[in-house]
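Chain W is fixed; fit chain B onto it per the hints.
Taken in order, these protein sequences are the chains called W and B.
So in numbering that gives the first Met the number 0, the last spot in the first sequence is 241, and the numbers never skip.
So in numbering that gives the first Met the number 0, the last spot in the second sequence is 217, and the numbers never skip.
Since no wrong hints were added, every one of them can be taken at face value.
Incomplete in silico selection of chain B near chain W, CB under 10 Å:
1) L147
2) T148
3) L204
4) R217
Bear in mind the hints are in silico, worked out from the structure with no lab data behind them.
Note that the structure is a prediction, hence the values are computed from the model and not measured.
Glycine included, C-beta positions come from ideal geometry on N, C-alpha and C.
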Amino acid sequence: MSIWEYANPKKFMQTSGWLLPWVAALSAVALVVGLVWGFFFTPDDYKQGSTVKIIYIHVPSAMMAINIWVMMLVASLIWLIRRHHVSALAAKAAAPIGVTMTLIALFTGAIWGEPMWGTWWAWDPRLTSFLILFLFYLGYVALWEAIDNPDTAADLTGVLCLVGSVFALLSRYAVNFWNQGLHQGASLSLDKEENVADVFYFPLLVCIAGFVGLFVALLLLRTRTEIRLRRLKALEARERMA
Amino acid sequence: MIALVIRDLRLAIRAGGGFGLGLAFFLIVTVLVPFGVGPEGATLAKIAPGILWVGALLACLLSLDRILALDYEDGSLDLLATAPIPLEGVVTMKAAAHWVTTGLPLTLAAPVFGVLLNLPQPGFAWVTLSLAIGTPALSVIGTFGAALTVGLKRGGLLLSLLVLPLYVPTLIFGAEVSRRGAMGMETATPLLLLAGITAAAVALLPFASAAAIRVNLR
Numbered sequence: 000m001s002i003w004e005y006a007n008p009k010k011f012m013q014t015s016g017w018l019l020p021w022v023a024a025l026s027a028v029a030l031v032v033g034l035v036w037g038f039f040f041t042p043d044d045y046k047q048g049s050t051v052k053i054i055y056i057h058v059p060s061a062m063m064a065i066n067i068w069v070m071m072l073v074a075s076l077i078w079l080i081r082r083h084h085v086s087a088l089a090a091k092a093a094a095p096i097g098v099t100m101t102l103i104a105l106f107t108g109a110i111w112g113e114p115m116w117g118t119w120w121a122w123d124p125r126l127t128s129f130l131i132l133f134l135f136y137l138g139y140v141a142l143w144e145a146i147d148n149p150d151t152a153a154d155l156t157g158v159l160c161l162v163g164s165v166f167a168l169l170s171r172y173a174v175n176f177w178n179q180g181l182h183q184g185a186s187l188s189l190d191k192e193e194n195v196a197d198v199f200y201f202p203l204l205v206c207i208a209g210f211v212g213l214f215v216a217l218l219l220l221r222t223r224t225e226i227r228l229r230r231l232k233a234l235e236a237r238e239r240m241a
Numbered sequence: 000m001i002a003l004v005i006r007d008l009r010l011a012i013r014a015g016g017g018f019g020l021g022l023a024f025f026l027i028v029t030v031l032v033p034f035g036v037g038p039e040g041a042t043l044a045k046i047a048p049g050i051l052w053v054g055a056l057l058a059c060l061l062s063l064d065r066i067l068a069l070d071y072e073d074g075s076l077d078l079l080a081t082a083p084i085p086l087e088g089v090v091t092m093k094a095a096a097h098w099v100t101t102g103l104p105l106t107l108a109a110p111v112f113g114v115l116l117n118l119p120q121p122g123f124a125w126v127t128l129s130l131a132i133g134t135p136a137l138s139v140i141g142t143f144g145a146a147l148t149v150g151l152k153r154g155g156l157l158l159s160l161l162v163l164p165l166y167v168p169t170l171i172f173g174a175e176v177s178r179r180g181a182m183g184m185e186t187a188t189p190l191l192l193l194a195g196i197t198a199a200a201v202a203l204l205p206f207a208s209a210a211a212i213r214v215n216l217r
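Same shape as in the complex, but just chain W (with noise of 0.2 Å):
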């Protein structure tokens, strides 16, 4: 058993398929669960009052924006190495899911920074490499969406997305050194001594959970699509040649 049997459509459909309903159904538990622990059983913040419940979308969605690239880069490295169709698709079934959750991390951040910094948008490092990640998105989709030859626009934006991802890391450190910013530091390393308080902590992690199985449910949703219209248009190849 390796996991380089998925590489075949087939048996990638197969378990998929099966595995599917259950992380749907997972990550919509721990979402509720999370979201209303969250929001409705956790002290509001002596400083930022109820506004710090922002943080149970806000931290999620930002770690899934960065990790979804990071998907993406090895799907493409894999597909560039090994040229599994399977993993070239689900790096592009990721990259719309990177872009819903960069603009939710920057949306709920705007919303959140209004009462706390007195502003909606700050040329904050971290903010400012959210949009320049959220560039590298767009340009990354819109590549997918120009060429037409499949294994074509899979080579393209493979290559693109490792050299975008070396250019997105030093766009991060770049707009350290450029401008300091309003947003705190690291809140939830593991091997800090000052962390969180542990009543956000609990249910902030049941929430990233939540995030991740979402991330997973629809990116297996996505592929599934993706190799469904590959296959529907072999298909129709076949039959104009009949």
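Leaving out everything else, chain B in the frame of chain W:
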């Protein structure tokens, strides 16, 4: 390889190759900015280094699709791809030719346009220096973008969308050098980082560009 650069330079200078187009665009951007923000000298002096950098970047962007598109259309790119010199070398030379026809004139023109924007006295040298160091990176990154979109019918807009986020680090450090220089501050750190970006881009990106061209010629 030298012959290739000379060929590209000739093509750019002769027969409406758009040699002066980037420069003219740069001039227009510089002229438009005071209309937008008002003619006060203090405001202009403050934003001048940034405007010069953004203007140069946009002018550079304007000419990117010419790097490979014409060669792709008339088939000479296929010949270059099968030529004995490696394709990585070809794209590097293409980027070099693009820099000589775009980046270099922009760099030389920037101090002149700086006068229009009331650039502070110490800034002239720094703007020129930072553009001289930074524009090669813009050309190389732009060649990568052109290589990605060379097979597309209407790749121009997509090209900008792909390339502009890649320009962010170069722009940040380049404009930072100019800004600090104009204000008389220490500039060594951003200057070194800018040079590092250029060196890394020149060394590594041709491989990605060549890979993209090979895919597009398949």
